[in-house]
Amino acid sequence: MNVLGCRCRSYSFGSAICRILLAYLRRESLANGPLAFTTQPGIALSGVPATHLQRILLAYYRLLMADSDTPTRLGWSASLLQSIYRPASTAHPDGAVRWLALRCLGLQTRLPETTRERLEVEFVGSYATTPFDLCIGQELYSDPLTDSEVLKIKDVLVDAWIFPAADLRRVQAKREELATQSGHRFFQPPNSIVRVTQDDLSARVTNVAGILLYTDFLTFDRQGSTEYVPTATTTISLRALALYVSQRVPILLTATPASGKMTLIRELASRIHPEGERGLVILQLADTALDAKSLIGSYVSAAVTERSTGGFEWQDGALPRALRAGKWLVLADVDRASPEVLATLLPLVESMRLGKFIGELPSMDLGGGRGRIEGSQNFMIFGMRSVTKVDVEKPRPYALPTFFGHRHWFEVQLTPPSADELITIVERRFTKLGPAVSRAAVEFWSEMCIVAKGLVKGRDVGMRDLDKFCSRLEKSLPLPALEHPTHSFVHLFPNHLVRQEILLEARDVFFAAYEVGTPHFVSIAARAAQALGLDEERAEWVLAKRTPEYQIRKSGEISVGRARLQPKHLPSSATSSKPFALHRPALTLLESLAASIDTCESILLVGETGTGKTTAVQHAAQLSGTPLVVLNLSNQSEASDLLGGFRPVDARVPGGRLQETFVELFGTSFSRKKNQAFEDAVRAAYVGRKWARTVKLWREAGKMAGVESSRG
Amino acid sequence: MQDPLVSACNPLQFNLVGQSHTLLLKIGQSIKNVQDKQHLEGILNQPPTSTVSQALNAASNLLVVPAFTLFVADTFRPLLIDLCARWLEHDELDTLDRFSALCLLAEPYEEIFP
Chain R
7 MNVLGCRCRS
17 YSFGSAICRI
27 LLAYLRRESL
37 ANGPLAFTTQ
47 PGIALSGVPA
57 THLQRILLAY
67 YRLLMADSDT
77 PTRLGWSASL
87 LQSIYRPAST
97 AHPDGAVRWL
107 ALRCLGLQTR
117 LPETTRERLE
127 VEFVGSYATT
137 PFDLCIGQEL
147 YSDPLTDSEV
157 LKIKDVLVDA
167 WIFPAADLRR
177 VQAKREELAT
187 QSGHRFFQPP
197 NSIVRVTQDD
207 LSARVTNVAG
217 ILLYTDFLTF
227 DRQGSTEYVP
237 TATTTISLRA
247 LALYVSQRVP
257 ILLTATPASG
267 KMTLIRELAS
277 RIHPEGERGL
287 VILQLADTAL
297 DAKSLIGSYV
307 SAAVTERSTG
317 GFEWQDGALP
327 RALRAGKWLV
337 LADVDRASPE
347 VLATLLPLVE
357 SMRLGKFIGE
367 LPSMDLGGGR
377 GRIEGSQNFM
387 IFGMRSVTKV
397 DVEKPRPYAL
407 PTFFGHRHWF
417 EVQLTPPSAD
427 ELITIVERRF
437 TKLGPAVSRA
447 AVEFWSEMCI
457 VAKGLVKGRD
467 VGMRDLDKFC
477 SRLEKSLPLP
487 ALEHPTHSFV
497 HLFPNHLVRQ
507 EILLEARDVF
517 FAAYEVGTPH
527 FVSIAARAAQ
537 ALGLDEERAE
547 WVLAKRTPEY
557 QIRKSGEISV
567 GRARLQPKHL
577 PSSATSSKPF
587 ALHRPALTLL
597 ESLAASIDTC
607 ESILLVGETG
617 TGKTTAVQHA
627 AQLSGTPLVV
637 LNLSNQSEAS
647 DLLGGFRPVD
657 ARVPGGRLQE
667 TFVELFGTSF
677 SRKKNQAFED
687 AVRAAYVGRK
697 WARTVKLWRE
707 AGKMAGVESS
717 RG
Chain W
82 MQDPLVSACN
92 PLQFNLVGQS
102 HTLLLKIGQS
112 IKNVQDKQHL
122 EGILNQPPTS
132 TVSQALNAAS
142 NLLVVPAFTL
152 FVADTFRPLL
162 IDLCARWLEH
172 DELDTLDRFS
182 ALCLLAEPYE
192 EIFP
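These protein sequence lines are chains R and W, in that order. When the letters of the first sequence are read in order and numbered with this note's numbering, they come out as residues 7 to 718. When the letters of the second sequence are read in order and numbered with this note's numbering, they come out as residues 82 to 195.
Check before you lean on any hint, since a few could be wrong.
With beta-carbon atoms standing in for the labels, derived distance ranges [unchecked claim]:
1) Thr78/R <-> Leu177/W: 13 to 23 Å
2) Arg470/R <-> His102/W: 50 to 60 Å
3) Ile199/R <-> Leu106/W: 18 to 28 Å
These are calculated hints, taken from the structure and not from any lab test. Glycine is no exception: its CB is placed at the ideal position from the N, C-alpha and C atoms.
Given only the sequences and the hints, what does the whole structure look like? Please build it.
Below, the structure is given as structure tokens:
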């Protein structure tokens, strides 16, 4: 917070001005540089007024001092500078102009100092013997002879030889002044009438949490993302993010799991990225099978065309593609990535360091002699880190990162939201709950958190659980009976049946991971029952002895206790169903499954082998008429089993399918008995894997049937 | 319930009236463009006779004049980016003036870290 406070006071927007400068320089009027007019026919260099050229060259010099690569990158020719001071016959008469042109040339082409001095002596004059007057700007001064209040404008003249040192001193003095300047006079008392609003600002400037950011596109139609809820802590985090984004440095976002890191990045992207949220590219780095080299790219076999006989060609991986397209690369779980992946990322992260030149673009080496690529200036890299241990008392609530290369990242730590902020967020996201129920839900969740922390080797309760709890409540709860000021479930829902249902939802979300009867289960259940105002006996009956009611309605909907299974289409009676015993544990399981399916949650079933986990899910799928896909995963399973991959093709597999089709068609087109010999010949060829002969026989049969031969 | 630190550094809380007054005090007599001067003076009236946009446009035009560049940049510092961005929208002004002003501002107004 203190560090952020100091940064707030520094109003750092230097790189934003430089971005405006670069955008300005890319305009057509400056396409070949500010000196392009000297090449036009009919313009004699000596005829151009010295003051005009001095101003241009001065600006050119200052630009080169800020970033010496920009003119080269923009394609401004250095020969225009050369033509100003050489040859002596057509050079400009003013000494300061020639001197400046030579300086600029030296900076742009990176001339060694000795060469430049030699050229200076040859074309301009020697140091300390021939002073030249250089006008470096204008200033206001009060003339002591006349009226002392009216300020006049006069030119500031400086000896050209001492100009570099003077300018450097000016820049340093200015920076110091800006750093120590107090900002109070800039800001107004709260009751002022005239206010600056977002609409008054230029269309290319957006105010993100107090930081003005310049964008290349017009922003008047950009709304933030709908999921983002502004609170005090999120505004502070967004402001820190915006500050780093304006400097184009790598950002590391640290928070507890499911606390809204992605939401923040999405909000920022939707406001200032040219493509909005679509400009985000997300990579999961916690995957241990991720190949570091494939991030850079790989060789793939090129298709055989008329011109090439096939071979290998280079295909860019995720990193170069994101670099070139100017996307925002989001690396999830960057602290759990393997060292190879981190080492691959390190050069790219280093190229975005803080001390880089203003116009310098992020770049990376493709390796293997394929050269260096430069990215677009919109490119940003974000790392995300999930840490469960939070110490709210400290200024930095989370432990510092320790992964390889962490020193190059700039960290933004998301402070956990306070209870009031959580209530605001829940109210905004789950609008059907209403303020009273939202508050009750957040308080209930806080109690669950406290109990879970006290358990040995217990499962942590986090924001994701609050999310699940609220979405379940939103679906199933009726409106509260009355708006009671104490905001507890007991008073909002006097009907104990409703509170029993809430207890069951709480069990599914918070402590269904523990087996019934274990000390963990008992302690959390007791706390939950107490918060809901249900006595011990009733709670025990609900959790351990209750049998959910099983009913099949006429509409096909199946209700199991408090949950419903909606069939997508009526299950066909033709499919045989294994008998499934609907005793109490099975019904309880079905009820929990149905409730989770309703809210689209992922479910993990844990139990000994043969206890009926898969059967229960199959039964639920059958009841609801949903097709079920069963995958057996083991240690030997690979990602390609799930996603798909390249496998060597055995001709027998497609061949067998064709053979089957052929046999069917043959049987329907011709008499089988009469053509038995033909069919035997085909089968013999197929079994013996004589593909050419098999295909020939197939085609022959087709011809006999009168079908035109066709490719394929 | 905004955090005072955040609201204190919000550029939209800029004291347009006060800083326009400071600007006019120092250079008001030397401003050549009558329209710009009128817009800035208009903001000081009660009720204001010119809009915030007009005043900011006037400040942006004054930023281009070489004698005033540094002073306007200092006075309107939180909104400096906005004033510079306005130059990209208007094409009529002298290109050389804006180019010089931008290059003058680019170097000193860099990142300052404690």
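inquiry  = 50 to 60 Å was suggested as the range; check whether the CB atoms of Arg470/R and His102/W agree with it.
reply    = Since Arg470/R and His102/W have Cβ atoms about 53 Å apart, the given range 50 to 60 Å holds.
request  = With respect to the beta-carbon atoms only, verify the hint that Thr78/R and Leu177/W lie 13 to 23 Å apart.
outcome  = 21 Å, holds
ask   = Are Ile199/R and Leu106/W spaced within 18 to 28 Å by their CB atoms?
value = 20 Å, holds
The structure agrees with every numbered hint stated previously.
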